[in-house]
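Could you build the full structure based on these sequences and the hints that come with them?
In the order they appear, the protein sequences are chains A and B.
So the first sequence is numbered by our numbering: it starts at 1 and just counts up by one.
So the second sequence is numbered by our numbering: it starts at 1001 and just counts up by one.
Because the hints were derived from the structure by calculation, they are not lab data.
Here the structure is a predicted model, which means the values were calculated and not measured.
Positions of the beta carbon are idealized from the N, C-alpha and C atoms, including for glycine.
Errors might be hidden in some of the hints.
As the list claims (entries may be wrong) - Label-pair distances were calculated between CB atoms; the ranges are:
1. Val1163(B) x Arg107(A): 49 to 57 Å
2. Pro235(A) x Asp1187(B): 40 to 48 Å
3. Ile191(A) x Asp1288(B): 26 to 34 Å
4. Pro169(A) x Ala1084(B): 29 to 37 Å
5. Ile191(A) x Ala1290(B): 26 to 34 Å
Said to hold, decoys possible - Chain A stretches covered by chain B per the calculated footprint, using a threshold of three residues with CB under 8 Å from any CB of chain B:
6. 92-101
7. 129-137
8. 140-154
9. 164-178
10. 220-227
11. 244-254
Claimed, not checked - With the C-beta cut set under 7 Å, the calculated list includes, among others, these residues of chain B facing chain A:
12. Gly1071
13. Ile1096
14. Ser1106
15. Val1113
16. Asn1114
17. Val1138
18. Ala1190
19. Leu1260
20. Leu1299
21. Val1301
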Amino acid sequence: MKVCACVKVVPRAEAPLRLDLTTFRLDRTVASEVSPVDEFAIEEALLLRDALGGDVVAVSMTPESGVEALRHALALGADRAIAISDPLLEGSDLVVTARVLARVLQRESPDLVLFGSGAIDAGGAMLWSAVGELLGLPVVSGVRSVGVDDGRIRATRQTAGDEIELDAPIPSVVGLSGSVNAPHYPSFRDIVQARKKEIATITLEDLRLGPEASSAAARTRVLSVSPRPPSEREPEVIEDGAGAADWLFRGLEGRGLLPGAVR
Amino acid sequence: MSGSPLVFIERSHGEPTDGSLSLVAKARKLFGRAAAVVCGPGAEGSAGLLARFGADQAWWADSPGLEDELGAPQVDALAQLIAAKGFDTVLFDYSIVAGDVAAGLSARLRAGVNWDLQALDLREGELVGTRLALVDSVSVEVGWVGEPCLAVFRSGVLEPVEVAVAGSVHRFEPEISEASRRCTVVDRRAGAAGRGRLGTADVIVAGGRGVRDLASMDLLEDLAAALDGVVAVSMPLVDRGWRPPTSQVGQTGQKVRPKLYVACGISGALGHRVGMEKSGTIVAINTDPAAPIFGICDLGVVGDLHEVVPRLAELIRERTGVGAAAGDSA
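And the structure:
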C-alpha cells in the first residue's frame, strides 16, 4: 500500500500574514510549516501504513523557502517527501496546481492519494477533485473516516448531521474533512532521523511540463487587494474581571435579547 | 463577454438548498437571465420549482449514475450541458459536492475557478469576484481568463429571493461515464431529527475546543436554559464525541442565524464562522485575545468560559428569572 499525502506549506500560524502589495502574493519570507489541517492527511496515511504496510510519501508544491518545512512530515513518519518548487509556479491557480500535482502523482502511482481538509478560503477544499479528474481516478471527498479492505476503500462523510457511506476501488483520491484523527507529536529521535530522510526537489523541467503548467497558464487572476472593508459589527471586547458578567448582561439586556424580550 | 449564466442547484433531503437558490436571483440580477441545473433522482420535481426563484430555464437530468452526493457524475452532466448550450458562467454555492463539481469542471474544461466569493459584479463587461483572504483581513478582487468562468460563493452569503418568472423546464440526458461511476453511495443515514432545533432557535450557546471537559458542557446547557436557547458545538467537540453531528455549527454542520449567538471557547476559524456569522448579536468568550472570533463579535470577554459562563447564567437568573424581585435589574 503506497499512500501519497498532499500537503501545503503555509506561513506559521503565529507569523503575521503579509501580502506583497505589488505581486499580490503571500510573503513567503516568514517562517513556514506544513499546514495543520494537512497533518491529518499525513497521520491518516501513517495509520494506513501501520495497518497494511507500505510507504508514505509527502508531496507538496511550494516555493523553495518552504521546502525544509517538509522535514516535519518526515519527522511525523513519512518515508520521503517530494517538493515541486519552481519560480515559474509562483502565482499559479487551482488548474495549474492540480496539473502539476497530478503529474507527480502519476509518476508515483500510489494506491491512495490523501488530501487534508484544506482551507476553504484558499481553495484547498476542492483541489482533490481537480487532481482526481486529471488522474482519471475516483474522488472520495468530505471524508471523516476511511478504511481499506480487499482493494476497495470505504469512507464515511458527514454533513449537517447526515452520514453517507462511500465506496470506491483503489487507486482513489481522498479528500479528508476536519480532524479525522489526532496527529501525534514527533519525538526528538523522530526529528533527528528525519534529517536523514530524502526530500526530492523537482522543477517543471524535471516533470517535462511546459508553459501549460506554469503560472502563465493560470485561468484566474488577482485584480486588486485592499484592506478589508470595515465590518458592520463594531466589536467591544473587554478583559474578564469582576464586572465582566454584569457588562455582558447589560449588553444583552440593552439589545432586548434576554428571555421575554427574545420571544 | 459574459452573458449566459448557469447556476448549479444542490439539494439536501431532496430540496434545493437556500444557498444555491440564492444564486439564481443573483445571476438574474447580473445578467438579466438565469438558467439553473439540477441533477439526480427526482430532479424533475426540483426543476419545476426553480422558476419561482428566478430561473427562466431549468435543466434537469436523472441519468443512471447521477447522485446528489457525488461530484464526478455531475461533472460529466454539467460539462455536456455547458458544451451543448454555451453557458459562459457557472455559479456554485460552496459545499463539499459543489466544490468537487467546480474543481472537476475546472480541470476538465481548463476553466478558471475562483472560490469563497462574497460578491460578483460585472465591470465593463468583465466578471469580477470579491473574496476575503488571510483570515478575512483583506479583500481581494479576482478575475477570470477565458471561459467558462466558474464562480464558487462562500456558502450561504446570499439569501434566496423569490422572483417568479415564466420559466421553461428542460430535460437533458447526459452520458455518465463508467469512470465517473466508480465512487458510489452504499449507505445513507439521515440525521434529520436534530435539524429543526438549531435552525429555528432564537438563542444559541455554542461550545468549542476551549471547553475543558464533558462535564463543563453543563455550564453551557445552564446558560442556554437561562437564555431560553439551545446548545450547539463546533466540530472539535463532535470529534470528541461530546455532542452528535446534528448539533454542529459550521461549514460541515448547520448554518444558523439566531438573534443571539454566544460562542464559548470557539476561536472563530473560518470553518465555524461560515456557519454563524450571519447571527444577530454575537457574544464571544475566549481566553485567547488574538482569537479571530473577537474580530467578528459584538460583545467579547477575554476570559475563561468556565468562570464567565456560570456567572452570566446566574445573573440572568437572578435578574430576569421567575421569582426575581421586580425593579432590581439594571
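For each hint, the structure was consulted:
no. : hint                               : verdict
1   : Val1163(B) x Arg107(A): 49 to 57 Å : holds, 51 Å
2   : Pro235(A) x Asp1187(B): 40 to 48 Å : holds, 44 Å
3   : Ile191(A) x Asp1288(B): 26 to 34 Å : holds, 27 Å
4   : Pro169(A) x Ala1084(B): 29 to 37 Å : holds, 31 Å
5   : Ile191(A) x Ala1290(B): 26 to 34 Å : holds, 27 Å
6   : 92-101                             : holds (count 5)
7   : 129-137                            : holds (count 7)
8   : 140-154                            : holds (count 4)
9   : 164-178                            : holds (count 10)
10  : 220-227                            : holds (count 8)
11  : 244-254                            : holds (count 10)
12  : Gly1071                            : holds, 6 Å
13  : Ile1096                            : holds, 4 Å
14  : Ser1106                            : holds, 5 Å
15  : Val1113                            : holds, 5 Å
16  : Asn1114                            : holds, 5 Å
17  : Val1138                            : holds, 5 Å
18  : Ala1190                            : holds, 5 Å
19  : Leu1260                            : holds, 5 Å
20  : Leu1299                            : holds, 5 Å
21  : Val1301                            : holds, 5 Å
Checked against the numbered hints given earlier, the structure satisfies every one of them.
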